[in-house]
Amino acid sequence: MIDLVAQSLFSGVLSGAYYALIALGLALVFGTMRVINLAHGELVLLGAYISYTAEEKLGLDPLASLPLALTLVVATAMAVYYLISLIKTDRELNSLILTFGIGVILTNAVLMIWSADIHSTTTPWYHDATILFDTLFAMQAELVFAALGIVLVGAVWWWLEKSWYGRALRAVASNRDAAKLMGVNPQLTEVLSFAVSGLLATVAGVAIYTAKVIQPSLGHHLTVKAFIITVLAGMGSVPGVLLGAVLLGVVESLTVTLASSALQELAGMVLFLVVLLLMPSGLFGRAKRRG
Amino acid sequence: MNNSVKIAVFLALSYVAVPLALGSNTYVIGLIVAALTIAGIAVAWALLGNLGGMVSFGHAAFFGVGAYVSALLTLRGGWPVFPAMLMAGVGAAIASVATMPALRLRGPYFALAILAYAEIFRILATELKPVTGGAAGLLSIPRLPNVLGLDFGSKLGGYFVILTIVVAAMAAYHLIRRSAYGLALKAMHDSEDATRVVGVNSIVLKAWMLMVSAFITGMVGAFNAHYINFLEPDYAFAGQWTMLAIVSAIFGGYRTVSGPLAGALVVYLVDQLAFKPILPQGHQIVLGVLLGAMILFNPGGMMSMLTAKFLRKEASHAA
Chain A
1 MIDLVAQSLF SGVLSGAYYA LIALGLALVF GTMRVINLAH GELVLLGAYI SYTAEEKLGL
61 DPLASLPLAL TLVVATAMAV YYLISLIKTD RELNSLILTF GIGVILTNAV LMIWSADIHS
121 TTTPWYHDAT ILFDTLFAMQ AELVFAALGI VLVGAVWWWL EKSWYGRALR AVASNRDAAK
181 LMGVNPQLTE VLSFAVSGLL ATVAGVAIYT AKVIQPSLGH HLTVKAFIIT VLAGMGSVPG
241 VLLGAVLLGV VESLTVTLAS SALQELAGMV LFLVVLLLMP SGLFGRAKRR G
Chain B
1 MNNSVKIAVF LALSYVAVPL ALGSNTYVIG LIVAALTIAG IAVAWALLGN LGGMVSFGHA
61 AFFGVGAYVS ALLTLRGGWP VFPAMLMAGV GAAIASVATM PALRLRGPYF ALAILAYAEI
121 FRILATELKP VTGGAAGLLS IPRLPNVLGL DFGSKLGGYF VILTIVVAAM AAYHLIRRSA
181 YGLALKAMHD SEDATRVVGV NSIVLKAWML MVSAFITGMV GAFNAHYINF LEPDYAFAGQ
241 WTMLAIVSAI FGGYRTVSGP LAGALVVYLV DQLAFKPILP QGHQIVLGVL LGAMILFNPG
301 GMMSMLTAKF LRKEASHAA
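Heads up: the sequence lines are chains A and B, in that order. Per our numbering, residue 1 is the first one in the first sequence, and the count goes up by one each step. Per our numbering, residue 1 is the first one in the second sequence, and the count goes up by one each step.
Don't take each hint at face value.
Claimed, not checked - Sample of chain B residues at the chain A side, in silico, Cβ under 8 angstroms: (1) Ala102; (2) Leu105; (3) Gly107; (4) Leu112; (5) Leu115; (6) Ala116; (7) Ile123; (8) Trp208; (9) Ile250; (10) Gly282; (11) Leu296; (12) Pro299; (13) Gly300.
What the hints assert, rightly or not - Subject to a maximum C-alpha distance of 30 angstroms in a straight line, what follows is the list of computed DSSO-like cross-link-like pairs (lysine-lysine): (14) Lys88(A) with Lys180(A); (15) Lys309(B) with Lys88(A); (16) Lys88(A) with Lys186(B); (17) Lys212(A) with Lys57(A); (18) Lys276(B) with Lys186(B); (19) Lys309(B) with Lys6(B).
Calculated directly from the structure, the hints in this document are not laboratory data. All residues carry an ideal CB built from backbone N, CA and C; glycine is no exception.
Chain B extracted, bound-state conformation:
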């Protein structure tokens, strides 16, 4: 199967088959929407991790900023929801500029500097009571609207919106990776110093990746705010968003475009359907186990594992 067929099948499945089969089951659709929300952050995280070569422990920062920007624009500024969501992406990208001094840090230093930013943003959102409503949060954030007879405010409508965001993010990931930027980024991953020598400005490239990643994450945060209609700082900036995204991206394989999505679906649904009912407290232990096992035994993740299996099969057929 070549790629365009694969993409067509994926789009048909996700836009037609899933809504037809599960559309009437609001519980299942609700779970899938939550998984896709995680998937959106996971794709953004993977883009930065794979193309920028940086592990972030603070993507909750961009998620929270996006959520607040969109919620405030619609609540206080009277903006329509969809333009406000776009601005949320822009707002998160601007917030990412504040974190850019951290780009010259390496490995653990960058990872934890971003975490510090997330904490600072959370505390600011709590303290700036006149703007954000403080710890009490924002209530009755406008729901997603009715457009041309389609009710995006319903569970199924929300599904289409977040699915589109995730698909667009995956397309962006794919296109950037294939572009000249992608080549430079790949070279940078192999040897940053050598890449600098041949005239690639690695800091600028990383900064772009950080902005794109923040933009996507901010849009996802905004979607979530309009989907659940409620925000508070501890929720919007919760470490959970980062943690679930990392587990999903690593489990699925963050160097592949489909990995973060597949990872988020498997990880979130297994957690919610299989483990939450039997272990009401501490069920996320399973996520830790999945993450640890994957990084130890197959750092490439689930999708690379499946691809390898598939290739082996084809090879044995050929032989």
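So that you can see chain A by itself, here it is in the shape it has in the complex:
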């Protein structure tokens, strides 16, 4: 039993790493634009499917397909940004509906191009098992992408804390007008946040393609998970996002181990509602009113 729980904690942490990539992208865009990009999960999905095609048609290893996937997904993210920037009035609600529509478009485009079959990498190395500390089991893909995920989250954190552009982005997120007066171009930070969010989404997509299975309806679920994590994390904290992601991953995998896989989503949703309704600033965030 202890072994089972330890194993599910470990698997949960590994899923948390790529959840964090997805949630961080969503949170960055929300920070600069005050827009929840409901098509965010579909960007992840797009990255995953491009990686699939690259492997299937060009024989590229999923990691080697990253440059191609990055180019296309970031370009799509830019298109999403452009469309959102066209909204003139009531941006909070209209952007929600617009990005919801873009999500529908992307999901159906994926369905049209790649059909509804499920896919996963055909490179056997990724699915080989590794045993850590004699008891913990992981696929090699999970380890590779968990490591990559943590490095990337760290890099984004460093970028936001230390670099000029990262700080400009945080400045816009905390006070747009003041940032403008200090010579920051808010549009540029918005574009940047979308580009970084597309980058993180791509890596997450390739991670899901290699470590899990992909199918067209996945995008919507990923968006919801990412939103749940940002709520758990509270806005404005990168380590919070990582912790929230790991928490969601662990809660999900413990539910699967101790109850049933049918209840996996339920656990996440209940956790989400409890935190949303009872803890207005999330678990790790700075105080901020949502009501």
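Place chain B on chain A using the hints.
Okay, now just chain B, sitting in the frame of chain A:
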């Protein structure tokens, strides 16, 4: 044309002309019934969106609860169908009480909290096997009955039932909007804080709108259950119901009473007749495009666009 003439023409068209012209064509009537089912949810969604100022991504929750309440009352409780459908509305309204803590959330938080409720209800319906039949679903749900020689169980009979639900929902939307509540709600939309200051309890108002919206959606869900005689959790709580309703309401114009209905008819029929045949997989991409284009270029929707055109024409005549 004044309003009462417009309403009379609309009622004559929908209750007399459409059945006379298309009544024998079960395929077309079937499509229109499906479009009206969407329209019912769309009106409910618009009522909450316009009057309550809240965008919901989880109306499938109320649709599914209504469907299950009515199906179970008739199957297990031996209730007649029409009273069971009314109770389905009540059941969905009660379910909406469970979602009310979410009312103090704003914008995206409310929208996605409701989505979480829809998911939770779906999983509960799947897991509560002794009551709901679980993932296998409920079979042979009683069809709509024969009343005074009118067979509501036929396609055309179903048309009259769902049409009446939609018309009643539109009337409710119109009356609430015109009432003192409507005024308070409109004020709340402009500035919630200012409205609170002058003594309007905005949370209570929103809660009422949520209940009315859930009631309508539950009735529509119940209608659909008796119309197709079959239910399963993944179908009853499908995100499709919410998605189609949002596209219809936005496309038609959710701040107008007729917009959601017009939107549902156009969106659903265009999708099914024009795009499904040529794009069997992924034809709903068109819905995404319609939704995005409308919100970008004309957030008021189709009906406001037509009205604006009409007014311009009248103005130019006058000049």
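A quick look at each hint next to the structure:
no.	hint	result
1	Ala102	holds, 7 angstroms
2	Leu105	holds, 6 angstroms
3	Gly107	holds, 5 angstroms
4	Leu112	holds, 5 angstroms
5	Leu115	holds, 7 angstroms
6	Ala116	holds, 4 angstroms
7	Ile123	holds, 5 angstroms
8	Trp208	violated, 19 angstroms
9	Ile250	holds, 6 angstroms
10	Gly282	holds, 3 angstroms
11	Leu296	holds, 5 angstroms
12	Pro299	holds, 6 angstroms
13	Gly300	violated, 10 angstroms
14	Lys88(A) with Lys180(A)	holds, 19 angstroms
15	Lys309(B) with Lys88(A)	holds, 22 angstroms
16	Lys88(A) with Lys186(B)	holds, 21 angstroms
17	Lys212(A) with Lys57(A)	holds, 20 angstroms
18	Lys276(B) with Lys186(B)	violated, 39 angstroms
19	Lys309(B) with Lys6(B)	holds, 17 angstroms
When held up to the earlier numbered hints, the structure conflicts with 8, 13 and 18 and fits the remainder.
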